[in-house]
Amino acid sequence: MRNIFFYFFIFLTTYSFAQEIHFKEIKYIFALDSEFSKQGSLKIDDKKIQLKYQGDSKSVLFDPESISFITKENKEIFTHEEQQEYTIFFSLVQGVFNNDIKKLQENFTLKIQKEENLLIPNEYLSSIIEKIVYKKDKEKLVYLHIYFLNQDKIKIVQLD
Amino acid sequence: MTKYLNPLIFLSLFCLVFIFDAQKSISVQISSILPSGENKELIREFEKLNQHKQLYLYYEDNTPKALLTLKEIEKRLLNIEGINELTQNPQQKAFQERYFYFLNTIDHKKADEIDVKKELEKLYQKMVTSPFGFRIDQKDPLELYQKSNPAKKYTKLDTLGYITLLSLDKNINSSKDYNRIYNEIKKIEKEYTGLQTFSVIYYYVENANKIKTDTNKIIYLALGILSLLYLLILRDIKLLFHTFTSLASSLLFALLISSLIFDELSIFALIFAISISTVAIDYMFHNYMHGYYDDMNFFNRDVFFGMLSTTGAFFILSFSGFTLITQITIFAILSLMFSYLQFTFLFPKLKLKTPNKKFIFQSIQLNISPKLITLFALLFIFISFFNLQLDTNIKTLDVNNEKLNSLHQFFESKLLKDKKTAILLKEPSLDSLINSAHEIKKEYPTVFSPILSIPSKAQQNTLEKSRFTTLHQKINAYAKELGFRKEFFERSYFIENISLPDYTLISQEEFAISKYKQEYITYLIVSKKDYEEILKKQNTHSLSFKELFEQELTSSLKRLSILGVITFIFILFMIYLSVKEEFLKALNFILLPIAFTLCLTFFYPLNILHIFMMVVLISIGIDYGIYINSKSLDTQTYKAVLFSLLSTFAGFGVLIFSNITALFSIGITALMGIISLIILLMIQKGTR
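Chain order of the listed sequences is A and B.
Quick note: the first sequence uses this note's numbering, first residue 0, plus one each step.
Quick note: the second sequence uses this note's numbering, first residue 19, plus one each step.
These are computed hints drawn from the structure, not numbers from a lab.
Worth double-checking, as some hints may not be accurate.
[Unchecked claim] Cross-link-like lysine-lysine pairs, in silico, BS3-like; alpha carbons within 30 angstroms at most:
id, chain 1, residue 1, chain 2, residue 2
1, B, K194, B, K228
2, B, K144, A, K152
3, A, K51, B, K157
4, B, K546, A, K154
5, A, K57, B, K135
6, A, K135, B, K135
7, B, K170, B, K546
8, A, K139, A, K51
9, B, K111, B, K170
Produce the entire structure from the sequences given, and follow the hints as far as they go.
Below, the structure is given as structure tokens:
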């Protein structure tokens, strides 16, 4: 019985303080010369992020130890090393939404400009991403643009 | 004017050494004592080819910020001139991309069975659903080639630490640069408790420092003992000053001439030869004690024979073909002869007064028959031979830097699946060099070399062009159906416009190729488990110092044995020529030091320096044999021999305080020899 209360308490502290952000993502894929748009949500707290797209039964949970792909029936757990691209994506989200500059500097060099912020990738990311630009209005993300070297682009805009 | 002649000679030689930059030829590298020959030249060529030096970093911190701290350290290290990010050579990378289909082997089974359309549909889905973009390898979109995982920038260890690698600029080659980089890294290392760094350049810096510290310690000790000898026993500062000046002059003279003869003079050879040079003091002592400097009498027959026998023995041994032995013997001959000339012709003009003090040996004597001593020595030598083991591993003579060895091992074990070593490949043409490298790689897939980025003619000939044509046509047809860009797969599995590069136009340096005489060479990094097998192949050569030293030693053994016998006969002849009737007594001055030094075989195997020191002891022993058994024998001779022995201890004996195996070996052998000679002076009947 004590365990049930304990887990309930953990659940409450984990999710009640998390901010939920709804966003729209427009992805341009150069190989297909097409744009694909979808909406999703991010639940962000200090340590965890949960990503879910509309119309997709699967969600992705990022925590300090692992990355989990969760469906109603199944949960697949991977290490950060096994899912490097997701790890970088979630670190980026954490850094941008929590204004965690140190987190961003793990993989990027940050240049704060007047209108927007510019992230130049370090090390091996520089062979994938050309640059990232984002703009925030107080806590709200106005936009986040990711420019890939293969000419793909992702635009993310916060909806609420 | 004559009293200034000695310092003037010293100053002139000092200036000449600087003018000719003779000290520049001194090398602290163990390779400088390797016998000269093709193998040594090939090692040197390999060192030029493989200038890629890495800097390993390990940072351990029990907090989640360990990686962040390591990145911060990395940034600081990158600010040091000569330290760069570890990147792939752009030329090699370009070749690997251009000749991808030549250099890699297609999975034939997968290629036969693959449903191209289905695979393209999967790719399409992945691109659309992936949250962070999905990259298609346009060279191999169907994944028909086995891909090695790209090396991770940071390797996480179970110990909560991370490892990463940086590289050192290939132009960083001088000891000055090594020291600068080493000191700057160590400065940063001190600021982070959990940080450990390693690079092969650390060996150059730390070992050179250890050798220098050790050498300084020995020089101070030797000077201290010699000063004590002169100041407390002889009480003649003038003699001390002139002897030191003369010895220093003879060393400078030998260094000057040796630097003109040898491109590189090993520090080991130099220290050893300097020690031998102090033996020249006995020439001075014999002249001095017998009043030759009072009478202005220039010629002392015993001293002349002593000098002739020692330099003669060294002269014979200088033909050994061994670089180390050649360097030592030439240096010693030059220095001893120069000392002899000074002690014989210059010192009588310095007006030194002969001392007349009571001698301690007068009260000690056992009077044992010379025959008995000869018998005992021969018996001991005979027994020791059964126990004799030789240590031919040259590396045991080097500085044993255990701390660096374990650090090196730590990084290698964490980053490499198995231990690696280098092998040199030599072929008559570029074509056959590239082909051989690929043939070996085919048989032993873990082999690595920059040359493997160049495709071979054999690889081009084995490509199945029809398979590529089919794949290329299919993928482009289905891609169009699914809505891919028209040109997106236009280069996939397309080999029509790719032809082999013109080997003669390739920048050889970028691919670790070098021309050696009329042939071409490169290196292969191979697993230690495959090493022996690969070395059996034609045109592969070992790059191991240990193996080369052993090979050369084995091949030179016959020559060395002949020279040893000639030296021994020469010495016997010199004894006979000098003392005739007292032949056996004089012979004991050789046999007993040999017997004593062979005692060492009961404790450890003898290395090349133990053996060479024994030869030197024979030369010294014969000097004493001649003096002690000379017709002109008197108590002054004993004084001269005792002082010579003390000075020999100052020269050689102090080497037992060295931490370097090479120098310690010399020291311990010398000490055993000195003890045996003192005992012989006290016990041999009729010796005094």
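Comparing the hints with the structure gives:
1. B/K194 / B/K228: Measuring from Cα to Cα gives roughly 16 angstroms; hence the hint holds.
2. B/K144 / A/K152: 15 angstroms, holds
3. A/K51 / B/K157: With Cα atoms ~33 angstroms apart, A/K51 and B/K157 exceed 30 angstroms; violated.
4. B/K546 / A/K154: 51 angstroms, violated
5. A/K57 / B/K135: With Cα atoms ~26 angstroms apart, A/K57 and B/K135 stay inside 30 angstroms; holds.
6. A/K135 / B/K135: 43 angstroms, violated
7. B/K170 / B/K546: Answer holds: B/K170 to B/K546 is near 23 angstroms, not above 30 angstroms.
8. A/K139 / A/K51: 19 angstroms, holds
9. B/K111 / B/K170: 17 angstroms, holds
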